Amino acid sequence: MFEFRLPSLGADMDAGKLLEWTVKPGDAVRKGQVVAVVDTAKAAIDVEIWQDGTVFELLVEPGERIPVGTVLATLLEPGEQPGELRPRPPGRARISPAARKRAEALGVDAARLKGSGAGGAVTLADVEAAAAPRPAAEAGRDRQAAMRGVIAAAMSRAKREIPHYYLLETIPMARAQRWLAQANEGRPIERRLLMAVLQIKAVALALAEYPELNGHFRDGRFVPGAAAHVGVAIAMRGGGLVAPALHDVRAKSLDQLMGELADLVRRTRAGSLRSSEIADPTVTVTNLGDEGVEAVMGVIYPPQVALVGFGRVALRPWVEDGALLALPTVVASLAADHRVSDGHRGALFLAELRERLQHPEEL
Amino acid sequence: MGSTLDDARLRAQVIGILRRIAPELEEGALSDDRPLRRQVDLDSMDWLNFLVGISRELAVDIPEADYGRLVTLADLIGYLKQRRA
Numbered sequence: 001m002f003e004f005r006l007p008s009l010g011a012d013m014d015a016g017k018l019l020e021w022t023v024k025p026g027d028a029v030r031k032g033q034v035v036a037v038v039d040t041a042k043a044a045i046d047v048e049i050w051q052d053g054t055v056f057e058l059l060v061e062p063g064e065r066i067p068v069g070t071v072l073a074t075l076l077e078p079g080e081q082p083g084e085l086r087p088r089p090p091g092r093a094r095i096s097p098a099a100r101k102r103a104e105a106l107g108v109d110a111a112r113l114k115g116s117g118a119g120g121a122v123t124l125a126d127v128e129a130a131a132a133p134r135p136a137a138e139a140g141r142d143r144q145a146a147m148r149g150v151i152a153a154a155m156s157r158a159k160r161e162i163p164h165y166y167l168l169e170t171i172p173m174a175r176a177q178r179w180l181a182q183a184n185e186g187r188p189i190e191r192r193l194l195m196a197v198l199q200i201k202a203v204a205l206a207l208a209e210y211p212e213l214n215g216h217f218r219d220g221r222f223v224p225g226a227a228a229h230v231g232v233a234i235a236m237r238g239g240g241l242v243a244p245a246l247h248d249v250r251a252k253s254l255d256q257l258m259g260e261l262a263d264l265v266r267r268t269r270a271g272s273l274r275s276s277e278i279a280d281p282t283v284t285v286t287n288l289g290d291e292g293v294e295a296v297m298g299v300i301y302p303p304q305v306a307l308v309g310f311g312r313v314a315l316r317p318w319v320e321d322g323a324l325l326a327l328p329t330v331v332a333s334l335a336a337d338h339r340v341s342d343g344h345r346g347a348l349f350l351a352e353l354r355e356r357l358q359h360p361e362e363l
Numbered sequence: 001m002g003s004t005l006d007d008a009r010l011r012a013q014v015i016g017i018l019r020r021i022a023p024e025l026e027e028g029a030l031s032d033d034r035p036l037r038r039q040v041d042l043d044s045m046d047w048l049n050f051l052v053g054i055s056r057e058l059a060v061d062i063p064e065a066d067y068g069r070l071v072t073l074a075d076l077i078g079y080l081k082q083r084r085a
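Sequences listed follow chains A and B, in order. Going by the UniProt record's numbering, 114 is the number at position 114 of the first sequence; the sequence numbering is gapless. Going by the UniProt record's numbering, 73 is the number at position 73 of the second sequence; the sequence numbering is gapless.
FYI, nobody ran anything at the bench for these hints, they're computed from the structure. Given the structure is predicted, the values throughout are model-derived calculations rather than measurements. Incorrect hints may appear among the rest.
[Unchecked claim] With a straight-line cut-off of 25 Å between C-alpha atoms, the simulated DMTMM-like cross-links for lysine to aspartate or glutamate are: (1) K252(A) with E352(A); (2) K17(A) with E48(A); (3) K81(B) with D33(B); (4) K159(A) with D219(A); (5) K81(B) with E190(A); (6) K81(B) with E185(A).
Based on the provided sequences and hints, a complete structural model is requested.
And the structure:
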């Protein structure tokens with residue numbers, strides 16, 4: 001028997017509201033399967049289970065707001081028999097006959113509903129509400145304010161607890177731009193790559209040699225990440241920011257990463273992310289893009305220990321062999337945690353990143 | 001006269017596609033002569049998705065090499081008219 005608890009979906013979450021279960025007692029689940037949907041201040045998150053098992057008992061009802069760490073359900077290990085254990089009797093759902101009929105017609109499991117009628121009885125309105133499509137987040141403005149609040153809390157913590165140091169490096173981008181233009185020339189528009197994807201892959205490759213910039217600082221010590229799960233800072237329209245993970249970036253081709261990034265941006269804006277995408281990033285990349293600023297020096301997202309920022313790629317003066325040239329360059333920045341690394345290693349990382357971007361064909 | 005009508009229809013179509021990416025967009029607040037991406041706050045992924053929408057719905061191929069010419073809404077509409085002609 002094991003407990004399934006509400007995971008912390010990032011440093012800026014302390015509670016969530018269970019919106020729905022996607023499993024019921026008796027269901028076999030696989031590691032990584034979505035078992036519940038939880039609403040946080042930032043988005044509705046599809047919460048995944050982290051090991052195989054069979055759902056034994058659901059302990060929290062949809063609609064309840066619960067703190068991180070609350071036991072949501074108990075599950076049997078693979079092969080485990082329920083034995084003496086019996087799930088708590090579901091308690092005959094008190095439900096009006098009309099509601100029961102409607103529930104059957106709509107395919108709603110009335111036993112799982114929280115009744116708003118007398119003595120907790122499920123009413124017709126409860127059934128209708130349960131069958132209605134998931135509310136498209138709370139009213140925009142409340143959501144905005146809530147998101148601002150959680151971002152502020154996480155960033156205050158980062159600034160208070162993480163001794164940041166910052167480094168900048170100007171990186172020539174002529175080769176990467178030329179390579180990208182050629183790669184995109186023959187492609188239909190749906191399959192074209194963005195420069196951001198080259199940058200993300202280059203960061204992940206460069207991190208392989210500087211593991212102290214990739215991972216988490218928890219309980220007073222650093223735990224390096226086994227892979228580079230790159231959190232990509234995605235601006236929400238109207239304000240706010242989410243940085244979900246592209247998983248195991250080093251192992252993926254640029255084409256695959258581009259597809260995943262497009263999907264991640266789409267789902268972030270639509271408010272449907274998976275819990276692993278929120279909880280897993282081992283480093284964050286923020287790219288302020290070609291409409292953006294010269295350079296960005298970001299705030300590390302705890303418990304991560306580094307953040308890499310890119311300003312806009314633009315034609316700038318560049319000196320090569322004593323000659324002044326106009327070349328596309330970008331300013332890359334590193335914000336890193338002094339408890340784990342220092343400026344010397346950080347500088348070597350940025351040099352490695354610059355080198356990687358000079359060989360776009362190897363990304 | 002006919003071409004003015006076509007322009008208006010094309011503009012409405014383009015703004016309709018833009019709205020799918022920026023639902024909060026107010027059409028009245030949109031200037032034809034200011035850089036579109038800055039006005040509507042489109043990042044590079046938004047911009048790509050916008051152009052993908054245009055190329056699909058208007059059946060116009062937009063090579064990446066032409067992106068640089070598409071700064072304002074007026075640029076874009078002029079370009080689309082020319083490509084469709």
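For each hint, the structure was consulted:
no., hint, in the structure
1, K252(A) with E352(A), "19 Å, holds"
2, K17(A) with E48(A), "15 Å, holds"
3, K81(B) with D33(B), "17 Å, holds"
4, K159(A) with D219(A), "17 Å, holds"
5, K81(B) with E190(A), "22 Å, holds"
6, K81(B) with E185(A), "22 Å, holds"
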